[in-house]
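Visitor: Chains as they are written, first to last, in the working numbering: chain R, 566 to 746; chain S, 7 to 385; chain A, 339 to 595.
What the hints contain is simulated information worked out from the structure, not anything from laboratory work. Treat the hints with care, since some could be wrong.
Said to hold, decoys possible - Computed footprint of chain R on chain S; a stretch qualifies when at least three of its residues, placed anywhere within it, have a C-beta under 8 Å from a C-beta of chain R: (1) 14-23; (2) 182-193; (3) 296-303.
C-beta atoms are modelled at their ideal positions from N, C-alpha and C, and glycine is treated no differently.
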Amino acid sequence: MGEIKQIRLCGLGGQGIVLGGTILGYAGINDGKWVAGSSSYGAEARGSACRSEVIISDEPIIFPHVTRPDILIAMSQEAYDKYIKDMGRDGETVIYDEQMVCTKEISGLRQLGFPAGSVATKELENKLVANMVILGIVAEVTRIVSRNALLSAIEKNVPERFRALNLRAAELGLALGRAQK
Amino acid sequence: MAWKEVRSALPAGNYYYSGNEAAAEGAIAAGCRYYAGYPITPSSEIMEWIAVRFREVGGVFIQMEDEIASLSSVIGASWAGAKAMTATSGPGFSLMQEGIGYAAMTETPIVIVDIQRAGPATGQATRVGGGDIMQAKWGSQGDYPVIAISPWSVQEMYDQTINAFNLAERYRVPVILLAEQAVGHLRERMNVVEKIAIFNRRKEKGAAPFGAGDDGVPPMPAFGEGEKLLVTGSSHDDYGLRKVADPLVQARLTARLHNKIVNNREEIIQHEDYYAEDADVIVIAYGFTARSSLFAVEAMRREGKRVGMIRLKTIWPFADSLIRDVGSRAKKIFVPEMNRGQVAGEVMKYTCCDIIPYNQTDGEVIHPNTIMGELRRLL
Amino acid sequence: MAGDMEEYLRPGVRTPFCPGCADRILVRLILRAIAELKIDIDRMLFVSGIGCAAWIPSPHFNADTLHTLHGRAIAFATGAKLFNPELITMVVSGDGDLAAIGGNHLIHAARRNTDLTVICVNNMVYGMTGGQVSPATPMGIFTSTTVEGNRERPFDLCKLVAAAGAEYVARYSVSQPDTLVSSIKRGLETPGFSFIEVISPCHIQFGRRNRLDTAAETLRFFAGKCLMKDEAEGLSPEELRDKIITGEFSNGRNQAD
Numbered sequence: 566m567g568e569i570k571q572i573r574l575c576g577l578g579g580q581g582i583v584l585g586g587t588i589l590g591y592a593g594i595n596d597g598k599w600v601a602g603s604s605s606y607g608a609e610a611r612g613s614a615c616r617s618e619v620i621i622s623d624e625p626i627i628f629p630h631v632t633r634p635d636i637l638i639a640m641s642q643e644a645y646d647k648y649i650k651d652m653g654r655d656g657e658t659v660i661y662d663e664q665m666v667c668t669k670e671i672s673g674l675r676q677l678g679f680p681a682g683s684v685a686t687k688e689l690e691n692k693l694v695a696n697m698v699i700l701g702i703v704a705e706v707t708r709i710v711s712r713n714a715l716l717s718a719i720e721k722n723v724p725e726r727f728r729a730l731n732l733r734a735a736e737l738g739l740a741l742g743r744a745q746k
Numbered sequence: 007m008a009w010k011e012v013r014s015a016l017p018a019g020n021y022y023y024s025g026n027e028a029a030a031e032g033a034i035a036a037g038c039r040y041y042a043g044y045p046i047t048p049s050s051e052i053m054e055w056i057a058v059r060f061r062e063v064g065g066v067f068i069q070m071e072d073e074i075a076s077l078s079s080v081i082g083a084s085w086a087g088a089k090a091m092t093a094t095s096g097p098g099f100s101l102m103q104e105g106i107g108y109a110a111m112t113e114t115p116i117v118i119v120d121i122q123r124a125g126p127a128t129g130q131a132t133r134v135g136g137g138d139i140m141q142a143k144w145g146s147q148g149d150y151p152v153i154a155i156s157p158w159s160v161q162e163m164y165d166q167t168i169n170a171f172n173l174a175e176r177y178r179v180p181v182i183l184l185a186e187q188a189v190g191h192l193r194e195r196m197n198v199v200e201k202i203a204i205f206n207r208r209k210e211k212g213a214a215p216f217g218a219g220d221d222g223v224p225p226m227p228a229f230g231e232g233e234k235l236l237v238t239g240s241s242h243d244d245y246g247l248r249k250v251a252d253p254l255v256q257a258r259l260t261a262r263l264h265n266k267i268v269n270n271r272e273e274i275i276q277h278e279d280y281y282a283e284d285a286d287v288i289v290i291a292y293g294f295t296a297r298s299s300l301f302a303v304e305a306m307r308r309e310g311k312r313v314g315m316i317r318l319k320t321i322w323p324f325a326d327s328l329i330r331d332v333g334s335r336a337k338k339i340f341v342p343e344m345n346r347g348q349v350a351g352e353v354m355k356y357t358c359c360d361i362i363p364y365n366q367t368d369g370e371v372i373h374p375n376t377i378m379g380e381l382r383r384l385l
Numbered sequence: 339m340a341g342d343m344e345e346y347l348r349p350g351v352r353t354p355f356c357p358g359c360a361d362r363i364l365v366r367l368i369l370r371a372i373a374e375l376k377i378d379i380d381r382m383l384f385v386s387g388i389g390c391a392a393w394i395p396s397p398h399f400n401a402d403t404l405h406t407l408h409g410r411a412i413a414f415a416t417g418a419k420l421f422n423p424e425l426i427t428m429v430v431s432g433d434g435d436l437a438a439i440g441g442n443h444l445i446h447a448a449r450r451n452t453d454l455t456v457i458c459v460n461n462m463v464y465g466m467t468g469g470q471v472s473p474a475t476p477m478g479i480f481t482s483t484t485v486e487g488n489r490e491r492p493f494d495l496c497k498l499v500a501a502a503g504a505e506y507v508a509r510y511s512v513s514q515p516d517t518l519v520s521s522i523k524r525g526l527e528t529p530g531f532s533f534i535e536v537i538s539p540c541h542i543q544f545g546r547r548n549r550l551d552t553a554a555e556t557l558r559f560f561a562g563k564c565l566m567k568d569e570a571e572g573l574s575p576e577e578l579r580d581k582i583i584t585g586e587f588s589n590g591r592n593q594a595d
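With the rest of the complex left out, here is chain R:
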């Protein structure tokens, strides 16, 4: 059996959660993997709870929804509180924006906080690219997608006028991830 990783991204509508999931999945395709992604969100386009899930696998995926996440990426407190319940097994990782989320202590669970939002605001003067910072961190820390696959996925999925900004955000995330190690 090849490796299969289930990733759940969650936060608020407007934070780029769905796009983040799409780019992560696209990066998986770039790496030659099998990928399935789905998302759920409220009827309102901004501010409601938002979730995007990606499965990246070495083999074809039969059931395409996440059954038990290996990686939880939380961009808001509400989302963290809702989905942390599903986490806790060995080898699972939670990555969160430390500006947005206060964590609960769960023994054995690796929970890593990063200043994604504040880096996006300070370094790039654009809070909206916090999602790309997070993706860079995730790639570096978990290795579910390669650096090149991620950067090329961003290039393909972001409109041209925002491309450079988003790529810089991902690079900042990759650097944050490296520093963690």
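Since the structure of chain R is already known, use the hints to place chains S and A on it.
Guide: For chains S and A alone, coordinates are given in the frame of chain R:
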């Protein structure tokens, strides 16, 4: 034969598309160059994708004033020579029923993609449902043929949309891609091959456009070719001349419409078997639910349980002989559905075997654990 | 002239219209307009809905004809015309078909200014189904569903379609054959949406219930109500009540605005 091999519209390779995007690309690959639609969740991405891509491939796109107009204009375009389609969801599909009946009666090749959501009525617009199975077959008045296909993956949203156009052109019949929201909005790896086989409607100058060909399917000319066509939704003779009180014309026409599909069902119907050979309990599933089912069946096979699955890829015409055969072998048949038993009822028509429906209409997909739980109770 | 038009009629087809029906006149007038413009009828597509008027082109006209669902003729025509702009596309249908069940398609095609010529055959009643009230039935008129006289106001179809943005809008009666033929020609020559309302009385379903016992009487009754637009100018609303104003109401987009 009017089969030919053409280059795919997209470069060969792997893509990360949603089911809706894949359906739009499948249509373009099949040669669809007319699309009319009306916004509706969860199908609108198909129309939005077409609106962009038709500018590149040279198609005609129009957003109409409602679903009735959308399908009407698609039928008009088909008679003008286009491979034409629309996409919608349950509420819009209801409005299209009169047009589906008309397309069946006038033997107009059209493709409708129905991305099913939780009904009835407005229901839950962003949530999944599978309640349009019977609407696809019996939604318009009278007896008429349709073909309905149930894709379970993004790859099939692409491949089966191509197949839908081929079947529509081959049999001059409305073809419905009965997908569910969970497949339309799913993103997956999708592979595009370099060349695909497509079927273009047969033409024959001067031939009766509504007369029986060898296989019950007459050739189909287009407007503007000097054929002085008579096309009508009223009963008509082989040349389309209205005959609204002739019992023989009515009987011959309705029988031929029915038979041209039923007599060719071996060519039309597709299914897949998984561990069905020696299974005591067989799951009959389709669409997204077949993925949950296969996941459950494989997990239970690993435990040594004799369970199997048959996936219906074609819903209409219904795989009657397959069900007869399965029913003679299995002890029990389990039919999980995101509706109140629309396919289970059909299964019961063709076998006396013990049939256990499972009906979930909560706007969520049926989870593999649910299916495993039910199967354990049946073993 | 009539001889020239024989080639435009499908051989061996008998007219289904009641003796005295004004639609019989209109069959000839539409074909006369096409003949005078010397249009190759094989380039034409005739689309119709459901009802007596929808049978004017189908099957009589020896051309491509598309006899559609009730109310949907314009939507069907839109698809054919957009996919093959070479088709000179004419819609012929009744007031009930185009303005009631098909009203939404009518105003939206006018808004888009789709290149169609729509002949709205107005007999002010549902003829084929037994003489029920239509959205073009005048007030006070008796029909099979307005047994005390129609209490609803009818549409002024020309104003409606002009306001929606149609390029060319006109109204004439079959009792004004020459001006009507000129108008149909104008409609066919106008790029964009052309709408010609034709007063085409039904002596069976309309006349009979309103003490107009013969076809001639019914035709005379309507002919007497028709005023040309310039004749109507300066008349008081009182004098114009019951009158049918004929003429061109939109001839180019600016006039519609």
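Visitor: Go through the numbered hints given earlier and state which of them the structure violates, listing their numbers in rising order.
Guide: none
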